[in-house]
Amino acid sequence: MGMLRIISKRGDDRLLWNAEDALAGDAEAKAAVQEAERIFAKEQAKGATAFRVEPGKPIERVEQFDPQAEQIVMVPRVVGG
Amino acid sequence: MNMVAVGAVLCAVASVVLILALGELIAHSSYGRPEAKRRAGELLRAVLTPDQYGHLMQRGHIDIASPSDPERTYRVPKGPGRVQVREKGRLTMWLCLQPLERVPEADLLVMHKLMIEADEETYLRKANRFFPTFWEMRERPELQ
Numbered sequence: 001m002g003m004l005r006i007i008s009k010r011g012d013d014r015l016l017w018n019a020e021d022a023l024a025g026d027a028e029a030k031a032a033v034q035e036a037e038r039i040f041a042k043e044q045a046k047g048a049t050a051f052r053v054e055p056g057k058p059i060e061r062v063e064q065f066d067p068q069a070e071q072i073v074m075v076p077r078v079v080g081g
Numbered sequence: 001m002n003m004v005a006v007g008a009v010l011c012a013v014a015s016v017v018l019i020l021a022l023g024e025l026i027a028h029s030s031y032g033r034p035e036a037k038r039r040a041g042e043l044l045r046a047v048l049t050p051d052q053y054g055h056l057m058q059r060g061h062i063d064i065a066s067p068s069d070p071e072r073t074y075r076v077p078k079g080p081g082r083v084q085v086r087e088k089g090r091l092t093m094w095l096c097l098q099p100l101e102r103v104p105e106a107d108l109l110v111m112h113k114l115m116i117e118a119d120e121e122t123y124l125r126k127a128n129r130f131f132p133t134f135w136e137m138r139e140r141p142e143l144q
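Chains as they are written, first to last, in this note's numbering: chain U, 1 to 81; chain A, 1 to 144.
These are calculated hints, taken from the structure and not from any lab test. Positions of the beta carbon are idealized from the N, C-alpha and C atoms, including for glycine. Careful, some of the hints might be misleading.
One side of the interface only, derived from the structure: several residues of chain U facing chain A at Cβ under 7 Å [stated by the list, open to error]: (1) Ile-6; (2) Ile-7; (3) Lys-9; (4) Arg-10; (5) Gly-11; (6) Asp-12; (7) Lys-30; (8) Phe-51; (9) Lys-57; (10) Glu-60; (11) Val-75; (12) Pro-76; (13) Gly-80; (14) Gly-81.
Construct the complete structure from the given sequences, taking the supplied hints into account.
Following this line, the structure appears as C-alpha cells:
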C-alpha cells in the first residue's frame, strides 16, 4: 500500500492506494493512483515539497509522483520567518 | 424614541452577525483541534527515529545532523521557535522558517526534519538567519 500525506491545518490529509492491484489492472486501484497523482501535482503547483519517507531508508526529496513509494509526505510552501 | 429603537435593533443584529461569524470561523478552523494534533503526532512518530522521539520527549528538542557538514547539527524545538545551528556543539546562529499555512506544532517539527535531511540547501536558502550577540552568549550559558 502507498500513502500520500499532505501536511495541513488538519494534521495531515491522507490518500491510500494499492500499486500492485493497479498494475494488475484493478480499475478502483488505478483510479486511486490517478487521484493521488492528481493531488500530488496540485499541491506541488501550490509550492509544496514532496519527500519519500520509508522506514530504514534516508529521506529523499521527490519531484515526481511514484506509485511504488510506500509513503510520500508533502510539506506546504515555506517562507523565512 | 424611534431612533433609539432602530439603534437597538441594529446593535442586536450586528451582535448576532458577529457571533455567527465567530462561530463559523471556529467551526472551519481545525487548527489546534484534538484530531489535527493526534494526526500530526502520528506523523511525527512515523518520521522520527525511536532515538529522536525519545530525545524529544525527554529534552524538548531533537538534534538533526547536517547531511553536508559532519560538524554541524540543527537543534529543533518541540514547539514553535527558532532552530539552533550548532557547529562543533556551539551555537552559531538561529534559523526561522515556517509554512505559509498554519499547521499543528508536531507538523512543524516534521517539516524541519524532512527539509534538513533531504533538502538542506533549500532549507538554508529560505530560512531567515539570526546571529547571537556577544551579550546573549555571555548571559545565556545554555546556548553554548
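Cross-check of the supplied hints:
no., hint, in the structure
1, Ile-6, "10 Å, violated"
2, Ile-7, "5 Å, holds"
3, Lys-9, "4 Å, holds"
4, Arg-10, "5 Å, holds"
5, Gly-11, "3 Å, holds"
6, Asp-12, "5 Å, holds"
7, Lys-30, "26 Å, violated"
8, Phe-51, "4 Å, holds"
9, Lys-57, "11 Å, violated"
10, Glu-60, "6 Å, holds"
11, Val-75, "5 Å, holds"
12, Pro-76, "4 Å, holds"
13, Gly-80, "4 Å, holds"
14, Gly-81, "4 Å, holds"
When each numbered hint is compared with the structure, violations occur for hints 1, 7 and 9.
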